[in-house]
Amino acid sequence: MMSQMPQLSACPSCEWPLESGDRFCGACGYDLSAVPVRPDDNPTIAMNGSPPPPGVPGMGWPVAPAPDGSGTPAAAHRPTDLQSTDSGGHDLPPGTPPLPQSPPPPAPAGSPDSPASGVRFDHPPQPDEYALPDEYTLQAPDPRVASAPPTPPEGTKVCVACRAGRVDHDGYCENCGHAQPRERDHMELDAGPVAAVSDRGLRHHRNEDAFAVGSGTLPDGRPAVLAIVCDGVSSATRPDDASMAASRAASESLLAALPRGAHPQQAMHDAIIAASNAVNALAGEPATAREQGPHQNAPACTFVGAVVTAGLLVVGWVGDSRAYWVPVDRSSPPARLTEDDSWAAQMVAAGLMNEAEAYADERAHAITGWLGADAYELEPHTASFKPDRPGVVVVCTDGLWNYAEAAEDMADVVPLDAAARPLHSAQVLVGHALDGGGHDNVTVAVLPFPAPPMGAGSA
Numbered sequence: 001m002m003s004q005m006p007q008l009s010a011c012p013s014c015e016w017p018l019e020s021g022d023r024f025c026g027a028c029g030y031d032l033s034a035v036p037v038r039p040d041d042n043p044t045i046a047m048n049g050s051p052p053p054p055g056v057p058g059m060g061w062p063v064a065p066a067p068d069g070s071g072t073p074a075a076a077h078r079p080t081d082l083q084s085t086d087s088g089g090h091d092l093p094p095g096t097p098p099l100p101q102s103p104p105p106p107a108p109a110g111s112p113d114s115p116a117s118g119v120r121f122d123h124p125p126q127p128d129e130y131a132l133p134d135e136y137t138l139q140a141p142d143p144r145v146a147s148a149p150p151t152p153p154e155g156t157k158v159c160v161a162c163r164a165g166r167v168d169h170d171g172y173c174e175n176c177g178h179a180q181p182r183e184r185d186h187m188e189l190d191a192g193p194v195a196a197v198s199d200r201g202l203r204h205h206r207n208e209d210a211f212a213v214g215s216g217t218l219p220d221g222r223p224a225v226l227a228i229v230c231d232g233v234s235s236a237t238r239p240d241d242a243s244m245a246a247s248r249a250a251s252e253s254l255l256a257a258l259p260r261g262a263h264p265q266q267a268m269h270d271a272i273i274a275a276s277n278a279v280n281a282l283a284g285e286p287a288t289a290r291e292q293g294p295h296q297n298a299p300a301c302t303f304v305g306a307v308v309t310a311g312l313l314v315v316g317w318v319g320d321s322r323a324y325w326v327p328v329d330r331s332s333p334p335a336r337l338t339e340d341d342s343w344a345a346q347m348v349a350a351g352l353m354n355e356a357e358a359y360a361d362e363r364a365h366a367i368t369g370w371l372g373a374d375a376y377e378l379e380p381h382t383a384s385f386k387p388d389r390p391g392v393v394v395v396c397t398d399g400l401w402n403y404a405e406a407a408e409d410m411a412d413v414v415p416l417d418a419a420a421r422p423l424h425s426a427q428v429l430v431g432h433a434l435d436g437g438g439h440d441n442v443t444v445a446v447l448p449f450p451a452p453p454m455g456a457g458s459a
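Going letter by letter, the sequence shown gives residues 1 to 459 in the UniProt record's numbering.
Take the hints with a grain of salt, since some may be wrong.
[Stated by the list, open to error] Label-pair restraints from in silico Cβ distances:
(1) 171 x 377: 22 to 32 Å
(2) 188 x 454: 15 to 25 Å
(3) 377 x 350: 37 to 47 Å
(4) 284 x 222: 51 to 61 Å
(5) 350 x 390: 17 to 27 Å
(6) 171 x 9: 41 to 51 Å
(7) 350 x 22: 23 to 33 Å
(8) 453 x 330: 20 to 30 Å
(9) 177 x 261: 51 to 61 Å
[What the hints assert, rightly or not] Here are the simulated DMTMM-like cross-link-like pairs (lysine to aspartate or glutamate), alpha carbons at most 25 Å apart as the crow flies:
(10) 157 x 220
(11) 157 x 329
(12) 386 x 174
(13) 386 x 361
(14) 386 x 435
(15) 386 x 220
(16) 157 x 185
(17) 157 x 174
(18) 157 x 190
Calculated directly from the structure, the hints in this document are not laboratory data. Note that the structure is predicted; figures quoted are calculated from it, not measured. We put the CB at the ideal spot given by N, CA and C, even for glycine.
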């Protein structure tokens with residue numbers, strides 16, 4: 001008699017919805033046959049404690065006039081106070097479910113669950129009376145002399161689980177059936193003096209964040225380094241496409257404008273406009289029209305970016321993704337460089353709540369500004385600073401700062417050698433968020449200030 005596989009409505013590892021007859025989770029590849037059968041007299045109710053995706057209430061900041069394009073740098077400040085103004089002239093303050101279960105231990109070589117054949121059998125071993133005489137018993141190959149699996153043709157995608165099967169176009173191994181990690185589940189990029197890491201987190205079934213990093217030169221030959229981080233709005237259509245389109249468009253805009261002599265703050269403003277146009281364009285694509293329900297929002301995302309040169313630091317943002325300043329000398333104060341477009345920030349600004357009360361409210365992360373065709377008004381915020389000492393700029397989504405909200409908390413988890421090892425530092429920061437629970441996608445970029453000479457990179 002074949003053993004009965006338990007009927008599950010969701011994957012016990014990542015909570016991905018399952019269909020009847022599934023043997024592996026379609027999101028993480030978890031082996032569902034390893035889940036013990038649930039006793040009939042003791043039902044278990046699956047509890048999902050994930051918070052609902054943030055809403056997008058119809059509140060907006062006043063429209064900010066665009067920079068005048070004159071090329072005159074905004075007032076610069078020391079990082080000891082880091083008081084600055086945005087592009088509208090406003091003052092800115094200084095600033096699990098359980099982890100995936102381990103696979104069952106390997107069965108003895110003679111058991112029906114032996115991994116020697118790569119197949120798991122659902123029937124018990126035959127009784128002794130049906131056993132074959134010894135002379136007919138097939139012997140398992142000696143692992144010491146067994147030949148290695150043939151090397152697949154060059155260019156073939158090989159399964160990350162069995163290391164032998166070919167991955168089909170649906171993303172599953174043809175040998176063991178294991179679902180393969182998606183490219184955006186975890187991304188890392190070391191671009192010399194700047195680096196970024198993005199991870200799906202421990203609760204979401206896909207990564208809706210995106211980033212872009214790069215470097216170039218100003219007309220006088222001085223270096224300029226940039227990082228863009230975008231967080232897709234989960235309640236909108238195609239949030240992953242929105243964040244990717246925005247980050248790419250903004251990066252391309254900056255890399256084109258800075259060598260031509262545009263002031264970095266004006267270039268950042270224009271980059272936000274370019275990112276907004278790229279996200280707006282997604283709303284008119286046929287794929288969106290087919291997917292979008294009558295009550296679903298158009299593709300949308302938040303935006304935060306930074307440009308550092310030899311003497312200037314510029315940030316720009318829309319939404320609740322943030323930028324932080326962390327000096328190399330930790331005896332100097334760190335600072336948050338951006339102000340959220342969120343319900344909580346509005347409550348604090350209006351004097352109705354203090355920051356602790358506002359961010360403890362369930363409405364705290366409802367954003368009031370975003371990039372997308374259904375945004376009420378686009379108000380690009382930009383600010384410039386002239387720090388008087390070396391440090392790093394941390395550009396991140398709320399998947400990180402939820403676990404290090406205050407500037408002092410962020411400085412505590414940034415490695416002391418962050419300016420010299422930005423990739424390692426970004427990895428550490430993502431790890432901090434995952435260790436804290438990983439409830440959201442996590443993306444962070446680390447840029448050293450001042451921008452190092454061209455050709456210098458991370459250790």
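Practice prompt. Identify every previously stated hint that the structure contradicts and give their numbers, smallest first.
Written response: Failing hints, ascending: 1, 3, 4, 5, 6, 7, 10, 11, 12, 13, 14.
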